[in-house]
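Residue numbers (this note's numbering), protein chains in the order written: chain A, -17 to 975; chain B, -17 to 975.
Keep in mind the hints are simulated off the structure, nothing from the lab.
Quick caveat: nothing in here was measured; it's all calculated off a predicted structure.
Check the hints yourself; a few may be wrong.
A pair holds if it fits inside one copy or across any two, identical chains being indistinguishable in the list.
To be verified - Think about it this way: if two alpha-carbon atoms lie no more than 25 Å apart in a straight line, the pair counts; the simulated SDA-like pairs of lysine to any residue are:
(1) LYS821 with ALA833
(2) LYS(-8) with ASP82
(3) LYS757 with GLN803
(4) LYS598 with GLN570
(5) LYS635 with PHE765
(6) LYS(-8) with GLY74
(7) LYS821 with HIS834
(8) LYS(-8) with ALA160
(9) LYS568 with PHE765
(10) LYS635 with ARG190
Protein chains: 2
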Amino acid sequence: MQDALIALTKYWTDRGAMVVQPVNTEVGAGTLNPATVLRILGPEPWRVAYVEPSVRPDDARYGENPNRLQTHTQFQVILKPDPGNPQELYLGSLEALGVDVAAHDVRFVEDNWASPALGMWGLGWEVWLDGLEITQFTYFQQAGGAPLEPVSVEITYGIERIMMALQGVDHFANIAYAPGISYGEAFGQAEYEMSRFYLDDADVDSQRRLFEEYAAEARRLLDARLPVPAHVHVLKCSHAFNILDSRGAVSTTERAKAFARMRGLAREVAALWAERRTELGHPLGAVEAPAAAAVPTEFAEVSGDNTLLFEIGAEELPPHEVTRTAEAVRRALTQKLAATRLAHGDITTYATPRRVVAIVDSVSDREPDAERTVRGPRESAAFDADGNPTKAAAGFARGQGVDPATLRRVEVDGVNYVGITKTDVGRGAVEVLSGILGEVVSELRSDKNMRWNDPKLSFTRPVRWLLALLGDTPVPVAASSLAAGTVTRVHRTAAQPEVAVASAADYPAFLASHGIVVDQAERRARIIAAARDLAASAGGTVDFDGESALLDEITNLVEEPNALLGSFERRYLDLPAEILTTVMRKHQRYLPVRAASGELLPHFVAVANGSCDHDKVRAGNEAVLRARYEDASFFWRADLETPLEKMKDGIAKLAFEEKLGSVAQRADRIGVVAQELARGVELSEKDTETLSRAAALAKFDLGSQMVIELTSLAGTMAREYARRSGETEAVAQALFDMELPRGGGGAVPSTVPGALLALADRFDLLAGLFAIGAKPTGSSDPFGLRRAAAGVVAILRAHPVLRPITIPAGLAAAADRIRAQGIEVFDAVLADVAEFVVKRYEQHLLDAGNAHDLVAAVLPLAHAPAAADETLTELSARVTDPDFAALAAALQRVRRIVPADTAVSYDPAALVEPAELALHEAFVKARSAGSDLAGFAEAASVLTAPVNTFFDDILVMAEDPAVRAARLGLLASIRDLAAPVLDWQSLTTSLEG
Amino acid sequence: MQDALIALTKYWTDRGAMVVQPVNTEVGAGTLNPATVLRILGPEPWRVAYVEPSVRPDDARYGENPNRLQTHTQFQVILKPDPGNPQELYLGSLEALGVDVAAHDVRFVEDNWASPALGMWGLGWEVWLDGLEITQFTYFQQAGGAPLEPVSVEITYGIERIMMALQGVDHFANIAYAPGISYGEAFGQAEYEMSRFYLDDADVDSQRRLFEEYAAEARRLLDARLPVPAHVHVLKCSHAFNILDSRGAVSTTERAKAFARMRGLAREVAALWAERRTELGHPLGAVEAPAAAAVPTEFAEVSGDNTLLFEIGAEELPPHEVTRTAEAVRRALTQKLAATRLAHGDITTYATPRRVVAIVDSVSDREPDAERTVRGPRESAAFDADGNPTKAAAGFARGQGVDPATLRRVEVDGVNYVGITKTDVGRGAVEVLSGILGEVVSELRSDKNMRWNDPKLSFTRPVRWLLALLGDTPVPVAASSLAAGTVTRVHRTAAQPEVAVASAADYPAFLASHGIVVDQAERRARIIAAARDLAASAGGTVDFDGESALLDEITNLVEEPNALLGSFERRYLDLPAEILTTVMRKHQRYLPVRAASGELLPHFVAVANGSCDHDKVRAGNEAVLRARYEDASFFWRADLETPLEKMKDGIAKLAFEEKLGSVAQRADRIGVVAQELARGVELSEKDTETLSRAAALAKFDLGSQMVIELTSLAGTMAREYARRSGETEAVAQALFDMELPRGGGGAVPSTVPGALLALADRFDLLAGLFAIGAKPTGSSDPFGLRRAAAGVVAILRAHPVLRPITIPAGLAAAADRIRAQGIEVFDAVLADVAEFVVKRYEQHLLDAGNAHDLVAAVLPLAHAPAAADETLTELSARVTDPDFAALAAALQRVRRIVPADTAVSYDPAALVEPAELALHEAFVKARSAGSDLAGFAEAASVLTAPVNTFFDDILVMAEDPAVRAARLGLLASIRDLAAPVLDWQSLTTSLEG
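Just chain A, same shape as in the assembly (with noise of 0.2 Å):
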């Protein structure tokens, strides 16, 4: 292992960087080292390698777990400013580690990073080595609060698990660290009498006061304007509070105010250090942005039409950014080349994890002339008497350059104006283009946009090169720094991985040639078929339904899906299969393949990008996967040693929010909401029993090993370890069902009890989020309350018997809990989120193909989204019916003539005209009709003909102020009892008729 450290360092400095060495102090990551910390601020160059021994008390295992150490070892460099192919030069480094990347599966998976207490974020990724995380690779966009300029790139290297899969050992203790002497001889007994330190033997209270002290130097150093010894001081308060952390020492009012003030002291520190690197002058100078590239001046000729290729390459895409971004440059295209008079054919475009194509087929070789009239003068304005140019004219014809003597007459709406004709000559088809893919790049956006070191370009990861060519004519196109060229890059590891480009003509087979499959789709149906025969070769199948979304990430994860089969031993199918399933999903993006009976096999489809050395890239795959599954057994058998209540006692120390509690003072409210939701439906006396045993065990697996560690299996859990523990089955499945639904379209809850506290818990995050000025905004919802939302929906319309618990009682229930807290809830806030709630229905039941006006007439219903659900239903079968088309307009002929402030009661006596005696009696005999649609619209029948002739008949607006009151109660009667049903005035173009 020594020699891949040194391997390292050699190849950084080689490559100009600096060496440092550890901070002698503890950190948890390379970064707190002032050499990255600090120095990516202000605008000085730095390039720098070093080691960091790197502590995690909270990882401490007494060296027993194979992958978990409190030290570890990260190698860490810092790229200021980004070098423009900084993945090519981690690449390098790989090789210098004596990794063959070619036959290895080297993979850049979106990870981004943030350190809210340092107040730093960054885009990147974490690069998979055969499956394997074996590096953080970040373009940190601000630190200490502030934007980063230049932006620099930071590689931090796990070394323990690169060395443990190029060694191919199971357990880091027999990593060969030097010669003769393995990792765990040389730092065993630390490992296990640190673990102990961390873990068991470490003073509480000492640490407590050392937090303090270290803690008030850093605000004396501050205030002294040292900004080095600070920083110090904050990393031993940051040491000292993760040991307080591991220890379990930490409540949550402690862990949200010692955040608060290390956060406030790193972004004090970074603050000064920027300021007295100012004062200093910048004794290391500044960065300069790459210049811009020329904007191009002349442009070929072509003719005859040509197809355009324009590519624009890009470090790896998040998945999701690949379609999207796709989508997003053919509307850019679209809508760009519709404002040009350039004619052209279809636009395509693909994309993959590097590049975005797109293809625009039978591009004119120039926009045609056009002509356009340019006003002037009014006529009668513009001759004098003798017919000469006044000054106005003359004026108006210097302006546009010609001779007074060509104004011609030109008529706007029947006004006359002297004015010319102007020809705007045609572009040449390279001219138009360069400009609008230009913009294109220049306009490229996505959900969260990073900088690099292009000044002026900001998208989702960088953008390094583009190819535009129309027909086999290149288009210069600039955008900041970038210029267009003929030239693309096909995979890292080919032998010649830049290839020129001589054509547009079949790019897509070009790419092909190259192993590139540009089409998502046809990358997507390759993944399915290659899957489909391996999981057929161990005698098993894959769930593509079930595993849609991750097909289509593992799609945009390839350029050139490479399937292959992995397996894993037996032993761990004991493990529920949803933590199997879970890691190999989420943490691999295997999909798992089961028997014809649904059980799971022990073998799994991984999708390798390009290709590779199978054999290996499959050991490495399994051994991941044997690390995790080791991992998870670890925690299985670590929690089915501990009591429910122990766990559960565990959730107190989990924060939830900083002002909402902790996690345990949620589950406690929940707890209590449900059970006060129960009070007003019918529940049987076993589900009450269910449900205060489940209240009180509420969200205890959060507690536990398992869902610390794979948060995704929060209920799933709750439901294994509670049936293990002999609670009945009902309970546990009330725990498995309160986390439902887990997603959109998700399963939701089974069962009563499980509702109502899936209920509970949604209200709670609904309503304390809210409270406290949480709510979601544009894209950003890091609770999931739009989710929260439409659970709350879907469990109320999967569970009719709930049809008492509508969403604002449901708030208001979650309301007071929050509130006994201390914490305010505004009526107006909880009318906001019921708003809220009820537009997430309001979008479901639009996205699911009813028509506007029908879902607009429930809506009023929607508090009880059952409720309305069934109205709905009912509404949609009688809309074509016409005698309820006539009800619904004699109603709606009511409400329009009906003042809004109307007495609703009259005097019957006061009425004497037939028609509105034959109304009254009508109304008499609709009156009972209930308030569910189809009772109201049989019994209601009766009111649409005297209605009419009513109107017919007689003014309403009687002279008589008594008859005129009588005849306006007795509609506004009618209006009222037809209003609870649904909303009449929006039934539109449903009816028929």
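Given chain A, put chain B in place with the hints provided.
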């Protein structure tokens, strides 16, 4: 610089070292990394190399001092076990760093290392590169208070220093750290800010609390049997202490307590680590010591007389051991040869730092045979009546393996026995020598011995090779693992560093042909000759007499002296000359060059070893001296800006000794004692004032930066700084004087106030350290008490005016002050001290050639050495006077006859005989004689004849008790009259006649 770290890493990993990371908590040296301090314990092998940024808060200088940093970079190597050739490996590493070791002067200069705090010590060297200390090289002998088995070699490179030398820059900030970035650019801001923290801004109260927290945690972790985290906390403790220290916040009491605490913890950590490793079964195995060399059993025969050459090759011996070992080997050889029958001629030994060479002329080819008689039973018991051998005789004969018939008579002390005569056949010379030479090596010892990889040998430094030739015949010698050969080692940088030796003939010339001057006297003479010429070339001279001790040292630091003249900038001559010469002598072993007037010239003579590139070596040495003078200038200027009182305040923080308190406490005691002593002597008013002021300032200069750095300038700097801050010249001189004499034979105080302070200083030292049980033992005298005692004597002898101050009186005054500090000082201890001091005086008198009996005679007066001196002078003059001899004889006769318990008074009326009356009358006359010898001898001469007559005529032991009492009383009175003059009984051989 980073290339150097990489090169060293590669060099050592290529040689099997593993690499570890620096400690992730602040340490003062790489030694404290557990990879050293723990791993050197126990039997397990370990070979490691690492960089250690070493934090010394005390060295913080805001980055302003060119050579001092609060954090400097050590490169640390541990070789366990000693590989047998660590020096050669080390030199190889210098070559790997790009040092041309043949062109430069690389030397191993004695430097031992001890950390009482860690219970650790070792012997070794500082390695010089052209006079610059670049590396510490230590054989660890003990750690945690226990001997180390096996011994580890520690090599600690001071990287910044090496870089400054290699790059030829004069400030660390200018070191090229990495391509395009200097050390200052990389670390300058941190250097400044951490200096601010350590010197100015660290919160003292907080650090005190941290110290307690860490110490308490270390304690708990020891109790939990976790040595690794316990060690980490001892390190944290130590760093907190260092910060407190650099903030000037450690009182003497605190320091003593803190050290005791840290020492205790560190020792427990070491013991616990060793214990745990044993429990773990020593996972890395156990080192095996090299096998013992085969004991020679076959010996070549030689003929005729031959010269024996025996060479013991060692790693660089400390200079004082070079000559000493040559003499010890000569003595051992002489004695051992004398115990054999092997005839031989002269025995000569030579020595250099790397070898001791013994040459024995004319060694006979073999021992002559010798006859030997073995005695059996008495003749009377040997034969029975029939003349047949008895059982006894037969048994004896059988035991001797002879026929009883061969028994013959043997007479011993007049008794007849039977016996046999045996012939001891003489052994061949080679066999004889083989045994002797092996013993010589095995029995080598020095003042301070060490162990290395050899399982049995022990010496001042490792013995690495043996060479033994008798004429041209190899003599097989085995000493533990070493076997003698016929190969010697010449300069390590020679093309052929190992050279075969064919014959013992003319070995010094053989060595000379390889550039080695084996004869110390010749080396010394060469140095003098070369230095004289070089000094003359610069118009100066060297005071060879004055530099005699330095010359001896230089002679023993080189095998081939190679003197060169260096220069320094004239501006440094503005510094006091003592500073300049102290630096030259003590730190650099340079000979100062002076003008005829005695003034320093800006030149020096350095003596390199072996041939080298003079320009390079000169430049290197000049740079080192410049750096040291720059340092000194810095201190000088800083001190001149500091008021004396402030420096004096500073010494309160300097610990003198744990029980005896701070240096300030000691200075206070000295001031009081000096003034108390002054009361008994005649002092002018001016001297009284001077003493009072000097007493108030006593030892203030120990608080100056200069003296903290160059302790031997204590007193010298006091005078300089006192003068420059307006004190009177008398006060300045008194402060200078109080540090005199500095060593045996050194100058004594020239002024009475200075003498009083110097006496008080030494009385305090002696009384204090004896009181706390720290009197010198064997060769250990860490506080220089022998020198102090000699100083007392020298001062009292030089200042007869101080005669009223006897040694006991001075000690009593000092003891009073010490007792006032609450320390018990028993009177018996003071008597011990007085005797200890008198012993120095006695030794001095004897060394000066005075006759033993005369010295013994004046010893009773030695409590006032000046008086004893006078008496001795008088006595020496008088012993040749027959009258005096007669007087002495008479007085001795008196003393012999009078029992010790005789009453001294007598009744003259009881005397009746003429002889006794005559003696009475003579006594009455003599009674007025003073106690000074001259006066007494004159006045008492009247006693001689009457005493003799009295003894002739009178029977002292008269029967009448009254008469007897009177006679005895008379004699006792005479005895007591003479007693105070001198010890008459001691006078023996010196007396005439």
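Quick rundown of the hints versus the structure:
no. : hint                : result
1   : LYS821 with ALA833  : within (15 Å within a copy, 121 Å between copies)
2   : LYS(-8) with ASP82  : both (18 Å within a copy, 24 Å between copies)
3   : LYS757 with GLN803  : within (19 Å within a copy, 74 Å between copies)
4   : LYS598 with GLN570  : within (17 Å within a copy, 62 Å between copies)
5   : LYS635 with PHE765  : within (19 Å within a copy, 59 Å between copies)
6   : LYS(-8) with GLY74  : both (12 Å within a copy, 21 Å between copies)
7   : LYS821 with HIS834  : within (13 Å within a copy, 120 Å between copies)
8   : LYS(-8) with ALA160 : both (17 Å within a copy, 12 Å between copies)
9   : LYS568 with PHE765  : within (19 Å within a copy, 72 Å between copies)
10  : LYS635 with ARG190  : within (16 Å within a copy, 32 Å between copies)
No hint from the list above goes unmet by this structure.
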